[in-house]
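Peer 1: Chain order of the listed sequences is A and B. Using the numbering used here, read the first sequence as starting at 1 and increasing by one per residue. Using the numbering used here, read the second sequence as starting at 1001 and increasing by one per residue.
Hints are computed from structural coordinates only; laboratory data are not their basis. A couple of the hints might just be wrong.
[As the list claims (entries may be wrong)] To be clear about the criterion: a stretch of chain A counts as covered by chain B if any three or more of its residues have a C-beta under 8 Å from a C-beta of chain B, and this derived list gives those stretches:
| hint | segment |
| --- | --- |
| 1 | 71-85 |
| 2 | 97-103 |
[Said to hold, decoys possible] Distance windows between CB atoms, simulated:
| hint | chain 1 | residue 1 | chain 2 | residue 2 | range |
| --- | --- | --- | --- | --- | --- |
| 3 | A | Glu-103 | B | Ala-1117 | 39 to 45 Å |
| 4 | A | Glu-151 | B | Pro-1202 | 32 to 38 Å |
| 5 | B | Phe-1107 | A | Asp-59 | 26 to 32 Å |
| 6 | A | Asp-59 | B | Thr-1168 | 39 to 45 Å |
Glycine included, every Cβ here is placed at the ideal spot set by N, Cα and C.
For reference, the chains in residue letters:
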Amino acid sequence: MGQLNLNRVQKFYGTFEVLKGIDLEVRDGEFVVFVGPSGCGKSTLLRMIAGLDETSAGDITIDAKRVNDLPPVKRGIAMVFQSYALYPHMSVFENIAFPLRVEKMAEDKLKAKVENAARILHLEQRLQQKPGMLSGGQRQRVAIGRAIVREPKIFLFDEPLSNLDAALRADMRIELAKLHKQLKATMIYVTHDQVEAMTMADRIVVLNAGEISQTGAPLELYHKPANTFVAGFIGNPRMNMLPVTCKSVSDAGVEVEYKGQTTVVPVTGRADLVGQPLTLGIRPEHIQIGTSDLSMSVVPTVIERLGAQTVAYASLDCQGENFCAMLPGSAAIRVDEKVPVGIAAADCHLFDASGNALERRVELTDVDMALLTAGKG
Amino acid sequence: MSAQPAMINRYRWYELVGIYAGIAVFLTFILAPFVEGFLVSLKPLSQLFSSPYRFIPVNGSFEAYRTMWVSVPGFARYIFNSFFISTIVTAVVLVLVVPAAYAFARFQFKGSGHLLAAFLAVNMFSGAVLLIPLFRLMRTLGLLNTYFAIMVPGVAFLIPSAIWLLRTYMMRIPRELDEAAFVDGASHFYTLRRVILPIAMPGITVVAITTFIGSYAQQFIFALTFNSKTEYAPLPVGLFAYFGRQEVIWNELMAASFVGIAPAMIVIFLLQRYLVSGLTAGAVKQ
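Isolated chain A, as found in the complex:
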């Protein structure tokens, strides 16, 4: 079992409130990723769950037991650090065996456990080597081995892959996902890399300035971001934001005006929005060449050809920010040459003046997966 409950958890450094009352429930066996920009408090929250940092207020409950004042080992957690934190003078075997040595486990039982962990992590050949002789990926696997061997209720990962190079990171991501399936343990994972969050998580918790901005499944966050922060944070390149005005609200959706053009965006609106300024969000991958419900022409200033896609950056006259479009790899566009682009109303997100989203009418079913890939192609 490994169920975690956070109830109005706060953290103060002096008078500075780092975490502003976090409520969260993590189910047994779930893979939850905390994601957010630097300084949003995600690592602090993880360290509080681990028992490395003190909780200023609120309750942290693991399996219905309040653990605020318990040391990490009594909480039944194991943590993998960003910097691996391996003991350089010990062999890989001793590194993995360390928590068991602390417990004073019998030698034969210990050996079996370490060897089992080494087998899961493909470290059998490395057991007698020192960490200094291993590659980054192997070191991180040793650190994970040290966590596995304790058989904790909850695994905590603090940006474990951020020190690895891109290729290794992709491999380790797959290995971690496999490991989660194999161990069926609760895992909480902190990262600032949204690709890691999107690919591994059952549920993503987006943190911003000490508060939970949104919690949800990866695709839910992608398709139904609750506010402009999540909309901008999830998705790469970032979502484009255009200022629009609300014309009317009907059952079909909200009619908005952008530079003289109007279109009806299928979202749930409120009557009091009529006449108000709104923000229209459109992901770069949903912009097409040609005309659509909303059409405009842009002049690309920078074009990045990635092979599969072409990313075009253009500056819109009304705002300094770059307008970004992700077009097919062979898109016939050139720098400084006007291109007509169109936006389908169904792809649009609408946010009110305070940045909260008006709910989109998108069904988040399995069909959605097909929708997503189709949109990208």
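Since chain A is already given, all that's left is putting chain B on it; use the hints.
Peer 2: Okay, now just chain B, sitting in the frame of chain A:
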């Protein structure tokens, strides 16, 4: 090509001449007394006062290295005393300083900054300034004329710099190692013993060497003041035995000096093996 040094280490010929000339000047300055001392130890006494003076001994021999044991029969004891005192002082300093340095490096507690500053301040006083109060202290404690009289102040004066040295070393050990051990259920003492101590070994060795040398050097003043018994006298005091009423047996004195520092040299050479750099390699991503 491969024999060439790295680009940043390449110099023109006149730069090289300058560098080596500088090294030669300083080395001469530092080593000349040792060379002269050694040459004196090889000369018969009569030649030392010959005029004109000759640096290179005529009919030089190691005779003084034999006769020194005869003229001062207790000399072996003095060497033993020095060695014994320094060893005990080093051991006691290490036992006290390792946990202290760990505490100063890792824990935040009230007054830690002031304490460290105070330690530094103590170092500014040489033992000589405090001789009289120390003498009274020793007399009150009844420690005069014992080994303790030399060891206790030795330990006291060597602790501050040892703490500073080792604290700096321990602060370079990544804190994540402590945290990882803590998460795995290890107590502070277990972490210190199993994780920090092995990694801090090079630092501890440096502290051991400096403490040993420091103790070897500073025992003179304490031994001279707090001890009047010949059997407890360390080497520097023992060397006075070569100062006769009429004349100083210079050649034997020099020979004795060289023999006397030999044990310290041996200890340092042995300890040097533990001065391995890069022991933390692979602990954390730098």
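Peer 1: Each hint needs a verdict: does it hold in this structure or not?
Peer 2: Hints, verified against the model:
{"no.": "1", "hint": "71-85", "verdict": "holds (count 11)"}
{"no.": "2", "hint": "97-103", "verdict": "holds (count 5)"}
{"no.": "3", "hint": "A/Glu-103 - B/Ala-1117: 39 to 45 Å", "verdict": "holds, 41 Å"}
{"no.": "4", "hint": "A/Glu-151 - B/Pro-1202: 32 to 38 Å", "verdict": "holds, 36 Å"}
{"no.": "5", "hint": "B/Phe-1107 - A/Asp-59: 26 to 32 Å", "verdict": "holds, 28 Å"}
{"no.": "6", "hint": "A/Asp-59 - B/Thr-1168: 39 to 45 Å", "verdict": "holds, 41 Å"}
Violated hints: none; the structure is consistent with every hint.
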